[in-house]
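*Asks:* Protein chains in written order, with the working numbering: chain A, 1 to 683; chain B, 684 to 863.
The set of hints was computed from the structure by calculation and includes no laboratory data.
Heads up, some of the hints might be wrong.
If you want the footprint, here are the derived chain A segments under chain B, 3+ residues with CB under 8 Å [said to hold, decoys possible]:
| # | stretch |
| --- | --- |
| 1 | 292-304 |
| 2 | 308-315 |
| 3 | 325-332 |
| 4 | 404-411 |
| 5 | 417-430 |
Note that the structure is a prediction, hence the values are computed from the model and not measured.
Where is the CB? At the ideal position from N, CA and C, for every residue including glycine.
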Amino acid sequence: MKILSISYSNFRQFKDQTVDLSSKDGKNVTVIYGSNHVGKTTFVKSIIWCLYPDSEIFGKGDDLFNKDVLNSLPISALGKQYEAKVTIELEHGAYHYLVSTSQKYNFVSRGSGGPSLEKTSPKPTQIIFRNLKSDPSGKADILDNFRAASEIESILPQDLKDYFFYDGEANRIDEVADKRELGKSVSRIMNFDARDQLINLLKKNGPIWKDFEKQKDSTSFENQAQLEAKREQLVSKKQDFEKQLADTIKDRDLLEAQRDEKKAQIEAHKEAGQWQTQRRESERDLERLQDSIETEMQYMLNDLSGDLGTVGFLALWGASKAVRTTGIIDKLEEIKKDGQVHYEHLTAATIEEILNNGVCICGTPIPGRGDIYNKLKELEKHVSPNDNSGLLSGLKNELLAFEPVAKNSASNVSRHLRTIWKCQKDIDSCRDTIKECDQKLRNFTGDVSVWNDDVMRLSTLIGARNESIKRLSEHDISDIDKQLDSINKNISSFEASNEKNKYLNACLECLDDVREFAESRRESARKSVVENLQKRVNEVYQYLSGDKTVTFKIGEANFNVTPYYAMGARDKKVLSQAESGMKNLAFVSSLVYMARHRNDVLRDADDDESEEFPLVLDAPFSNFDKDNVTRACQVLPQNCSQLIITLLDKDQDISVEYIKPFVSQRYHLETNENSTDSTFEED
Amino acid sequence: MSIFSKDQKISGKYADIVRKYTSGNVSGQGPEKWNLSDDDGKISQQFLFKAAVDMVYAAGWIGLAEGRRVPLEEVKNVTTKGDVTIFAGQITPRESRFWTLFRCMVLSDDGIGLSIEERVKKISLDPTTKEQGNDDWYYFLTYVYGGLEFIDETFSKVTTYTQLLRFISNLRCEVVGEDD
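Bound-form chain A, shown alone (with noise of 0.2 Å):
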């Protein structure tokens, strides 16, 4: 960072001004000197409030706003709005900047307490305008508030803000910066903190780590050991399988191969086959029609014998042919015709029945029971002679129907008959046709059916196999190809996380590696950056106070400069204030040099940049002697980059040949007459 200059506008007692700051190589010291109280404190304190509006360098309370400016406003200016401004013009890195920051005022009252200010904002505001130092006239980045405030954070951090804007009357190192502080400052200084970020980056369950582990698949090992063992059990069970249908093929060949054999038997004896069949078929005919012949036999037995419903044929033909041969139709006539009477014997007995049952032997019911008298005369009328004509008419009517009741019958047998003899001739037939076969078949020992029936049983185990051969091709195997290219695909899957677990795991070795390597450089760098910063503030120190009795030790863990006398040296071992403003110096100085020069500081350091930082000492040589001084004068120039310093006039007169040689610029700062105005002229 390099300050090219610093304007003002109406800001304190500076109003409109501008000063231009020297930065060039080997003239680069800038000196401002005046008398007390002329604003040398201010213009130094001006270019830290600028960079760092928070930072309440002037403190609440202070009045900004130019009071010449202020006293001069017209009563008709009431309202209108007003700012005290100061823009530093700087080079960092590729950038240039205009860093403005301002406080605005609106003018409320000029009454008898005079004119009065009253701020728009408790806080200033600052603009930053940023170009690329190679394209200056290009447009402009412009920052504002938070993103302002970031960018100078950037390019100097505030914290490190009293290491370059040394206040020489105060010693303020001592006084603001606790040893924790000082350890942090000069890390950020020498950068250690991009380390620190690295290492912190790098370390065990660390962002990076976490999000390396993250990536890995914990399972994927496990996962894919299961399934190899479960592939090696399908693939098992596959060849098994695969045997199996080989097996099944095979069978089916040897089936198929047999079966052809026996349909190519039966195509040569086809003929014979046809007269067995026909054999066949007569012999099934000849037992059918055998059966019908038996039971159409019974059925005619049946008829013959009769049975409690029905009378039988032999009976019926007895019958009738005894109706025929006895004459008993004439016989029964003729008793008719002679008046054949029946006389009823009644019989004790008789009468005991009918009188029980209430109903005469000829069916006739008799009322009147219980009466004995009256029945007995009742019963008198059915025992009258000639009553029995009704028993003969109706045996002549039985035995009449005797020979259509024959007949009848008759019909039945011969039907039964008929089937007989169809039957017999049929069987004669099939006989013939039999006897016909067998004299084709005289020759031939073998047997057709049996070898058809051959065919049929090894057509059905062919089917079988063939069941099986389709099972296991279409389905088993098929299946198991199936889970097997799933299985594949996911042990793929597998391997692919498993290879990417290896990298992660080769990736998170390496990560150690770099942390551990990156922790033993920063261990190395903080060696380098202790051993040199104590032997240059030693160097410093004894170059400006010509005193060898008393070294610093840098402490390694916080930086802290430590003093060491020699053995009798001194009385009293404390540093006076002059010593302690040297001792200052010469680590403010060492600093800014060990961060101009720090690759060559850290050795290793092959992506660390060195920066520039500008040294702002406000007045610093207060409490020095003429030899402190001239010192001074020789040694700081070569350490900073930029050096701009307030110098009270007497300080300035002693100084002023020593610090020639690298002074570009030198402002005289005074009061104007007539006026709280102060002016900075160039000599």
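Since chain A is already given, all that's left is putting chain B on it; use the hints.
*Replies:* Only chain B this time, still in chain A's reference frame:
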């Protein structure tokens, strides 16, 4: 009591004839069964009647038709060894059928020693005594035994199915004529 509503017996050789030609459960052991042989010479047992009661009924008509009777005294003296019992349970359901046969026997028998009037009385009334009932049964059996003898004589000669069919055919012709 009617002679056709109680158990009755067929005795002696007539009982053997009944056993020979019936297939049902006929009491007692007969000497042989009626056999027929087929065209292949295969002999099988055969029957003409399913039950003894049906054969007795048919034999009565055949005896009457053929005029074949066994004298009454002979009937009475037939040995009772190996009787076939016609149970009342079989005969009673056919009682009216048997009564018709019996009436026809009595009315047509001019040699029975009874006037027409007496024969009409006989066929109109149950026997009044046990002895009269026995006598009536013996009278009935004269025709039945004659018919059984005829059946046996006829069918003993029928030894093949062909002969049986031919015989039956002839009987059929007797009933319906040649044209049927």
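*Asks:* Find the hints from earlier in the document that the structure breaks and name them by number, from lowest to highest.
*Replies:* Of the numbered hints, all hold.
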